[in-house]
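Q: The chain contents come next:
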Amino acid sequence: MKKSKALAVVLSVVLMAFLIMMMLPYAVMFVMTTHNNQEIFQGDILSVGDYLFRNLKAVFGMHYIRYFFNSLYIAVLSTALACLSSSMAAYSLTKFTYRGRDKIFVAVLIAMMIPGQLGLIAFINMMSRIGWVNTHLPFIIPSLNNTFGVFWFTMYMKGSVPKEIIESARIDGAHEIGIFFRIAIPFIKPAMVVFGFQSFLGSWNNFTVPSLILNRDELWTIPLAITKLGNMYQADYAARITGLAIATLPLVVILSFCSKYFTKGMVTGAIKG
Amino acid sequence: MGWSKRRKRSLHARINFWGKLFLLPFVVSFLAFGLFPILYSLYLSFMEYDGIHAMRFIGLENYEWVLVGNGSETFWRTILNVIRIMLVYIPLNLLGALAIALILFNRRTRPKRVMQVMCFLPSVTTAVAVGIIFALLFDYKLGVVNFILIKMGIISEGINWLSSPLPSLAILILMMSWGSWGSTALQFLGGLNGISEEVIEAAIVDGSSYFQRVVYVIIPSIKNVFLFVLINGFIGTFQIMEQPKMLFSSWANMNTVNWGGSDSMVFTPAWFLYNMAYSATKLGRAAAVAYAMAMISLVFSVLNFKVLSKSIKESD
Chain C
152 MKKSKALAVV
162 LSVVLMAFLI
172 MMMLPYAVMF
182 VMTTHNNQEI
192 FQGDILSVGD
202 YLFRNLKAVF
212 GMHYIRYFFN
222 SLYIAVLSTA
232 LACLSSSMAA
242 YSLTKFTYRG
252 RDKIFVAVLI
262 AMMIPGQLGL
272 IAFINMMSRI
282 GWVNTHLPFI
292 IPSLNNTFGV
302 FWFTMYMKGS
312 VPKEIIESAR
322 IDGAHEIGIF
332 FRIAIPFIKP
342 AMVVFGFQSF
352 LGSWNNFTVP
362 SLILNRDELW
372 TIPLAITKLG
382 NMYQADYAAR
392 ITGLAIATLP
402 LVVILSFCSK
412 YFTKGMVTGA
422 IKG
Chain Z
-3 MGWSKRRKRS
7 LHARINFWGK
17 LFLLPFVVSF
27 LAFGLFPILY
37 SLYLSFMEYD
47 GIHAMRFIGL
57 ENYEWVLVGN
67 GSETFWRTIL
77 NVIRIMLVYI
87 PLNLLGALAI
97 ALILFNRRTR
107 PKRVMQVMCF
117 LPSVTTAVAV
127 GIIFALLFDY
137 KLGVVNFILI
147 KMGIISEGIN
157 WLSSPLPSLA
167 ILILMMSWGS
177 WGSTALQFLG
187 GLNGISEEVI
197 EAAIVDGSSY
207 FQRVVYVIIP
217 SIKNVFLFVL
227 INGFIGTFQI
237 MEQPKMLFSS
247 WANMNTVNWG
257 GSDSMVFTPA
267 WFLYNMAYSA
277 TKLGRAAAVA
287 YAMAMISLVF
297 SVLNFKVLSK
307 SIKESD
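Heads up: the sequence lines are chains C and Z, in that order. Counted the way the numbering used here counts, the first sequence spans residues 152 to 424. Counted the way the numbering used here counts, the second sequence spans residues -3 to 312.
If you're looking for bench data, these hints aren't it; they were derived computationally from the structure. Incorrect hints may appear among the rest.
A few chain Z residues that face chain C, going by a derived Cβ cut-off under 8 Å, partial list only [as the list claims (entries may be wrong)]:
#1 N12
#2 G15
#3 S25
#4 S68
#5 W72
#6 P118
#7 A125
#8 Y274
DSSO-like cross-link-like pairs, simulated, lysine-lysine; straight-line CA separation at most 30 Å [what the hints assert, rightly or not]:
#9 C:K340 <-> Z:K219
#10 C:K379 <-> Z:K137
#11 Z:K16 <-> C:K254
#12 C:K254 <-> Z:K219
#13 Z:K219 <-> C:K156
To spell it out: a stretch of chain Z is covered by chain C in this simulated footprint if at least three of its residues, at any positions, have a beta carbon under 8 Å from a beta carbon of chain C; those stretches are [what the hints assert, rightly or not]:
#14 77 to 90
#15 93 to 102
Note that the Cβ used here is the ideal one computed from N, Cα and C, for glycine as well.
Construct the entire structure; sequences and hints are all you get.
A: Below is the structure:
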């Protein structure tokens, strides 16, 4: 018994060490932001320098805040739309009965298996034909179409929103929309936090579609700005790296805030053995 | 009597009306942004189209170009590349994630929440950023890895990681694993948490060793999660584009040869498709590439699913 206790502690320490090592790329990147170009080229990166402020000034001097804001509002809007549309669809599929309901669910399952890149070319062409090129609309409106979201919320809602409460609310004369927002939604809060986070993540990190749609640089999102950092700051490697670090920060922050809901939601697992 | 029946029916109809209304936003956007582009892509793949002039029907010419014609050498190379990457990446990812999950599962491992956040962190980082970060880490002159290796005296001069094929491939696989070990581990953890206590305790009482318990009790219990992760791994690897593209974009380094060319070992199908979409001159061809890619990835997934579910059934 004692041997296995000791082994467990050792493994715990090993895992911690391993995880800390996995954080190395972040650590290196953040340390690099405190140095200037010369020090970076000398390879002197294991100590903390004092150029952070100067680097930050250089970064923000170039429209960076605008790209940040672009990514932010796009992610917020598309997450809101995805959550709304998917939860409403799941609500419909689980709490109502009408002809064709089950067939729609099967269609959703099949659609989930189709790779997104299949429709990419056509999607870009469509956007250019309806004049949505060089706008942010192609990233916001299509987020209403989230088959994974519908699947996710359906699985969750099947078990968690009791039909009796809904029916008694109806008898009490509540309006259907009110029932949805005030009764059904509170029951699925954890699922919504997890999904909302993933959705925000997907929107924030989206590179492919924005790079094919946007030409004007004031419309850029963060991933695009990252790839153009070379053009923006040219030889100023320190500024480039600082820009990179700032771009990765928001998700780190959000993750730490949501971690409670998140780890509970992810780890209790929607997929059981 | 008839009056209340009519009322009941109209109440039911009213409820169903709302039911369908709730479904509407999703269905409409699915048809417009999901189904239609897929069908339109198929249509385009039989056309010659540059986005400006009129379309011209050319039948299977695009598919011919991709599968056996001038584009085929590149196309099949991307398929080979992805298969080669998967052969190493998928087992590496699964075993590493399983090990992490098993340690996390143990009661004595602390602090759990901090570890879980650290696990998840790499997978939330923007893919383009990850590519650049790793290019920085392994840079010939600026890279930490070379710096540490030189300081430790293992080598006297920095290794030019990104300018030779095998190290580049290794770094790509490392980068992919780095990004997925943690989140895959958390998925496994979810499956492990679903195993009932009694089963494990019975195995302990029977006098089994830890290793035996892992192999004969735990792994079979999470076979669904395993399968899910495996299939997703295959599908996902086919679609990797941003990490390799940024890794080899010589963004961070002026010292290495750009290895992301179309004749390299790291050119993925998704990257090939992206290049064609970006240059936007032969849209019909690009659509054909997308469909060819999807077909192959589908065949792959189905094959894997069949093989794996058969072997899992046999071990039951």
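Q: Among all the numbered hints in the text so far, which are the ones the structure does not match?
A: 4, 5 and 14
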